[in-house]
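Protein chains in written order, with the working numbering: chain V, 12 to 575; chain Z, 12 to 575.
Everything labelled a hint here was simulated from the structure, so no lab data went into it. Keep in mind that a hint or two might mislead.
Said to hold, decoys possible - Below 20 Å or equal to it, Euclidean Cα-Cα: the simulated EDC-like pairs (lysine to aspartate or glutamate) are:
no.: 1; chain 1: Z; residue 1: K413; chain 2: Z; residue 2: E567
no.: 2; chain 1: Z; residue 1: K413; chain 2: V; residue 2: D388
no.: 3; chain 1: Z; residue 1: K519; chain 2: V; residue 2: D86
no.: 4; chain 1: V; residue 1: K519; chain 2: V; residue 2: E547
no.: 5; chain 1: Z; residue 1: K139; chain 2: Z; residue 2: D271
no.: 6; chain 1: Z; residue 1: K68; chain 2: V; residue 2: D388
no.: 7; chain 1: Z; residue 1: K519; chain 2: V; residue 2: E567
no.: 8; chain 1: Z; residue 1: K82; chain 2: V; residue 2: E515
no.: 9; chain 1: V; residue 1: K82; chain 2: Z; residue 2: E515
no.: 10; chain 1: Z; residue 1: K390; chain 2: V; residue 2: D72
no.: 11; chain 1: Z; residue 1: K104; chain 2: Z; residue 2: E293
no.: 12; chain 1: Z; residue 1: K263; chain 2: Z; residue 2: D252
no.: 13; chain 1: V; residue 1: K464; chain 2: Z; residue 2: E337
no.: 14; chain 1: V; residue 1: K220; chain 2: V; residue 2: D190
no.: 15; chain 1: V; residue 1: K413; chain 2: Z; residue 2: E293
no.: 16; chain 1: V; residue 1: K519; chain 2: Z; residue 2: E293
no.: 17; chain 1: V; residue 1: K215; chain 2: V; residue 2: E567
no.: 18; chain 1: Z; residue 1: K82; chain 2: V; residue 2: D482
no.: 19; chain 1: V; residue 1: K390; chain 2: Z; residue 2: D86
no.: 20; chain 1: V; residue 1: K519; chain 2: Z; residue 2: D83
no.: 21; chain 1: V; residue 1: K404; chain 2: Z; residue 2: E337
no.: 22; chain 1: V; residue 1: K82; chain 2: Z; residue 2: E547
no.: 23; chain 1: V; residue 1: K68; chain 2: Z; residue 2: D388
no.: 24; chain 1: Z; residue 1: K237; chain 2: Z; residue 2: D137
Predicted, not measured: the structure shown is a model, and the values here were computed from it.
Protein chains: 2
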Amino acid sequence: MDKQNKILIIGGTACGSKAAARARRLDPLAQITLIEERRQITTASCGLPYYVSGVVKNRSDLITRGNVYFKDVLDVRVITQTRAVGIDRTAHKVTMLNLEDGNHSNLQYDKLVLATGSVPTAPDLDGKKLVGVFTLTSIRDATAILDMVTQNKPRKATVIGAGPIGLEMVEAFASLGMDVTLIEALDCVLSTLIDPEVAALIQKLLRNKGVRLLLRQCVMGLEGAKNGAVQRVVTSEGAVDTDLVLLATGIKPNIDLARDAGIEIGARGGILVDSYLKTNDENTYAGGDCVENVDLITGQRILSPMGSTANKHGRVIGTNVTGGHETFPGVLGTTIVKVFDYNVARVGLTEWQAREAGYEVVSCIVPDYEHARYYPDGKTIVVKLVAESATGKVLGGQVVGKGEVAKRIDVLATALSFGASIADIANLDLAYAPPYNSAMDPLHVAAHVIDNKESGYARSLTPTAVKNKLDNDEDFILMDVRSPDEWKSSRIHTRVTKLIPLMELRSKLSSISREAEIVIYCTTGLRAYQAQRMLESAGFNKVTFMEGSLEAWPHEISTSKTED
Amino acid sequence: MDKQNKILIIGGTACGSKAAARARRLDPLAQITLIEERRQITTASCGLPYYVSGVVKNRSDLITRGNVYFKDVLDVRVITQTRAVGIDRTAHKVTMLNLEDGNHSNLQYDKLVLATGSVPTAPDLDGKKLVGVFTLTSIRDATAILDMVTQNKPRKATVIGAGPIGLEMVEAFASLGMDVTLIEALDCVLSTLIDPEVAALIQKLLRNKGVRLLLRQCVMGLEGAKNGAVQRVVTSEGAVDTDLVLLATGIKPNIDLARDAGIEIGARGGILVDSYLKTNDENTYAGGDCVENVDLITGQRILSPMGSTANKHGRVIGTNVTGGHETFPGVLGTTIVKVFDYNVARVGLTEWQAREAGYEVVSCIVPDYEHARYYPDGKTIVVKLVAESATGKVLGGQVVGKGEVAKRIDVLATALSFGASIADIANLDLAYAPPYNSAMDPLHVAAHVIDNKESGYARSLTPTAVKNKLDNDEDFILMDVRSPDEWKSSRIHTRVTKLIPLMELRSKLSSISREAEIVIYCTTGLRAYQAQRMLESAGFNKVTFMEGSLEAWPHEISTSKTED
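Next up, chain V with everything else stripped away, as it sits in the complex (with noise of 0.2 Å):
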């Protein structure tokens, strides 16, 4: 280019920094200017609940590259403490408002960027200005948090809002010693992203390591003393001592400079962009939170603010800004969250949605090994699978549990987005080695599942519909078809229940009732679906096997301990 091209882009977190450094890297000679509200750029804001636990111990590591970098190496401007104020799309003018002295200054472009991310949606609660009561969007916000956990060691905690930064905050807070409580309105934790009774299994964990869990209850205000210091979350079932509150209930796009200028906001509130994250202004692009994303699913957008998909948005407008043509295809809404010990890793449409977009569903619950079980130290993970019935086209997953959960997860977020079928699961050459992996690996058991239920072999009820029948006080056999030794050391212990081992199922199969309705479990329901079909094969029909079984089992259960 003969002319120096203007780059001007206001953000300096992940889209807006990464989309400056690769302008640079194509345009040495472009003039790039990069305006930020805080003081510093480039922070890490995905890392903010680690650095209230601890776990990261220094705030400069929340810094990636930082402002010196951008100006000595890239030769980037940077202006923090101004926020952008106004766009004047004819005169090709940003007019900005310097937060330290209060004055207002011009800038040109040629190229204007909008990376101006998201802000919390928390609610407009009596008492939200409390001393006490905080959200998290910045390194600002997580030093307010920990010098309030310095000073006043405040011993009770509670978390509104059970999305992933809320379960990472309620993780953070009963690491620092303190009593957690976690208010969800909505019917379980993670609700947009996983289904209920995935989300059973969270809370289940959570529960056991002593978090008091109110779902289903409405905050309607905090409560202060005298002293201004919160004391009291108001729900809509009570009230919650509690000496900090963390408002974790999610965030928007941050889009009014956007719509003030005229810039096209699609129906899910976020800027609109087309593929190459260019919006309805020829000179403008937007990328990272503030932006709607295309479902690859669905084909619709939504809004998927990650900081991955950031980083990805700013490589991608850093190219186009320089005269590149390089597009974004869209997302999956892939999220992975640490849980304490737990690994909650989630793609695609939950089965729930799945059904909301007129999908004919099939599914299944798998629990597995992560990897060889001779091999030392192996703990498991729980397989949801969501399918259409039709075409066998994989339409999302969920993973959950101690063990390896982020591969499998990629590992299908890979696979959706080429389309993948069932049967492409159940063929894709994963790597093998007993350290790693099963022969099987968990997915390829899962996509097994699906493919014996669609073929009619696999026949089952859901833990929840178990429970149901139970609850229902219904006639049916209980059939467990562990060893003694397991049945002895745990089990789903109510009048129903009958232990026959699949060992010795077959002898046996004469002493079975072949009237009653039979509903068999196991540890994962491997052997469950083993002995449906032993006894469907003897000519019993009325049989099902307990999808998941015991490891996706929600509920308490008898164990040794518990018993006589």
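Following the hints, complete the assembly by docking chain Z onto the known chain V.
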């Protein structure tokens, strides 16, 4: 089916036992018979090195299901210690030899399954029968090694062959306290699986672990003491004193029975099967180590003996011998092996294999953190990606290091299954949270590097090319752009190495000769690439960076300990 289907399966390890179990679940009435030479079916051969090392404590852990389960639960007739010695395809009859009593007998079949596995390709060496010389394909072999270790307390072990089993056994012997020598006839370890520059990193690791590594040495013979115990391995270059020898020179399909019956054998020495895993005989299927597989990248038939593939074969065969029509698409040669604290994995074609197959290739070497840098206990991995230059189609990948490797290779394996391009990899929506990943996965970064190379922005030399320049005493500047502290703790110490920290580079441009050839390195190549772009922008035109930089440098570096 009206008539009882007689299914006869020869071989009861992975493929055979899986086929039997699947067939039973689909056809309750079939008469299923499994013939096995050894005492036990369903032995987990892949666990043998870990049984020898003591990581797996109990021999019984290596029996997945066992004979009784197949008999009592699956109603499969299991005939052990019996070898199939002839197939009469016209009469649908197999002749068996009882290895205990030497008697012959016949069995009829409607469907025959050949799951005869593999046999070691141990060379016909003098001294092969000496005491203390082993192969490792069965629990009996592993027990023999363990007995010898317990009784004779050997101090020196020699492993011949540096494939996956060889490397696993090097670790096993080292963990038992022995001095280990590894002898390999070819240029590098894992030579058919990874490229030499990646192998060099494993070789560095092995030497650091105290393993004596003898590459490019052929074993000429084994010499023993008067008592018949092995004492010395004679190679093309000298001799190695030893108390124990493991021959791990590979395996080949066990196909004599099939070939003698007129079953078609492929050019690579395995049984030829179609996508239904059916042989040239209408009623005979084959799977597992004894067959050839289709390479999903090249479409060529290859040998790829893996327990994971054998299990998948078994399921497909179990379906098809009971009237189903399942297909198996092929393999990618996905392999993973633990070598001490390194995870080593590969998929698809190596760069060398890709060039041999006629592809125009672009590749990269990218070291990166396994997860967010600021999250504690992060370890490094090195990614090598291989792609077709014209189309950007990914052809293969190699990932090694102490960090999380299995996830990345499984993502690549999944992507390769769908013919992914470099652009596809760059935009994969992989799961991100600080404990699991960086916002950009190492695979994203690797895809970007290839994109930058193809676009002409990134211009690089491999570590091998830089080493050659140094060895040839060429005149150039080897520019280290890390910080002075990093420089102090370690560096490539040569007469041409020069420190100019990236943060100071822009201000020092005038002090650098524009005539000189400059090769830049840092820790991973990231800062070096940035420096290359900066120098080029400033008019320098003989600048490259060293790919992978210090993390991919397999040669010695000077550390603060080694210098004054």
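Verification of the hints:
Under the criterion of a C-alpha separation no larger than 20 Å, the hint pairing K413(Z) with E567(Z) is consistent with the structure, at around 19 Å. A distance of roughly 18 Å separates the Cα atoms of K413(Z) and D388(V); the hinted pair therefore holds under the 20 Å criterion. Distance hint between K519(Z) and D86(V) is fulfilled; the C-alpha atoms sit about 14 Å from each other, no more than 20 Å. Distance check on the hinted pair: K519(V) and E547(V) sit about 14 Å apart at the alpha-carbon level, within 20 Å; holds.
Pair hint K139(Z) plus D271(Z) does not hold up; C-alpha atoms about 28 Å apart against a cutoff of 20 Å. Among the hinted pairs, K68(Z) with D388(V) is consistent with the structure: their alpha-carbon atoms are about 12 Å apart, no more than 20 Å. Between K519(Z) and E567(V) the alpha-carbon distance is near 68 Å, which puts this suggested pair outside the 20 Å criterion. Simply put, K82(Z) and E515(V) have alpha-carbon atoms about 11 Å apart, close enough for the 20 Å limit, and the pair holds.
Restraint check for K82(V) and E515(Z): satisfied, since their Cα atoms lie roughly 11 Å apart, inside the 20 Å limit. Using a Cα cut-off of 20 Å, the hinted pair K390(Z) and D72(V) holds, with the two alpha carbons roughly 16 Å apart. Proposed proximity of K104(Z) and E293(Z) is supported: the alpha carbons are some 14 Å apart, at most 20 Å. Under the criterion of a C-alpha separation no larger than 20 Å, the hint pairing K263(Z) with D252(Z) is inconsistent with the structure, at around 29 Å.
Simply put, K464(V) and E337(Z) have alpha-carbon atoms about 16 Å apart, close enough for the 20 Å limit, and the pair holds. At roughly 10 Å between alpha-carbon atoms, K220(V) and D190(V) fall within 20 Å of each other, so this suggested pair holds. Taking the CA atoms of K413(V) and E293(Z), the gap is near 47 Å; set against the 20 Å cutoff, the hint is violated. Restraint check for K519(V) and E293(Z): the C-alpha separation of about 39 Å exceeds 20 Å, so the hint is violated.
This hinted pair checks out: K215(V) and E567(V) have alpha carbons roughly 9 Å apart, not beyond 20 Å. For a cut-off of 20 Å, the pair hint linking K82(Z) to D482(V) is broken: about 38 Å separates their Cα positions. Only pairs whose Cα atoms come within 20 Å are accepted, and K390(V) paired with D86(Z) is rejected, the gap being roughly 31 Å. For the given pair, K519(V) sits about 11 Å from D83(Z) by alpha-carbon distance, which is consistent with the 20 Å threshold.
At most 20 Å may separate the alpha-carbon atoms for a hinted pair to count; K404(V) and E337(Z) meet this at roughly 17 Å. Between K82(V) and E547(Z), the direct Cα distance comes to roughly 18 Å. Compliance with the 20 Å bound is thereby established for this hinted pair. Restraint check for K68(V) and D388(Z): satisfied, since their Cα atoms lie roughly 12 Å apart, inside the 20 Å limit. The suggested pairing of K237(Z) with D137(Z) holds, with an alpha-carbon distance near 15 Å, which does not exceed 20 Å.
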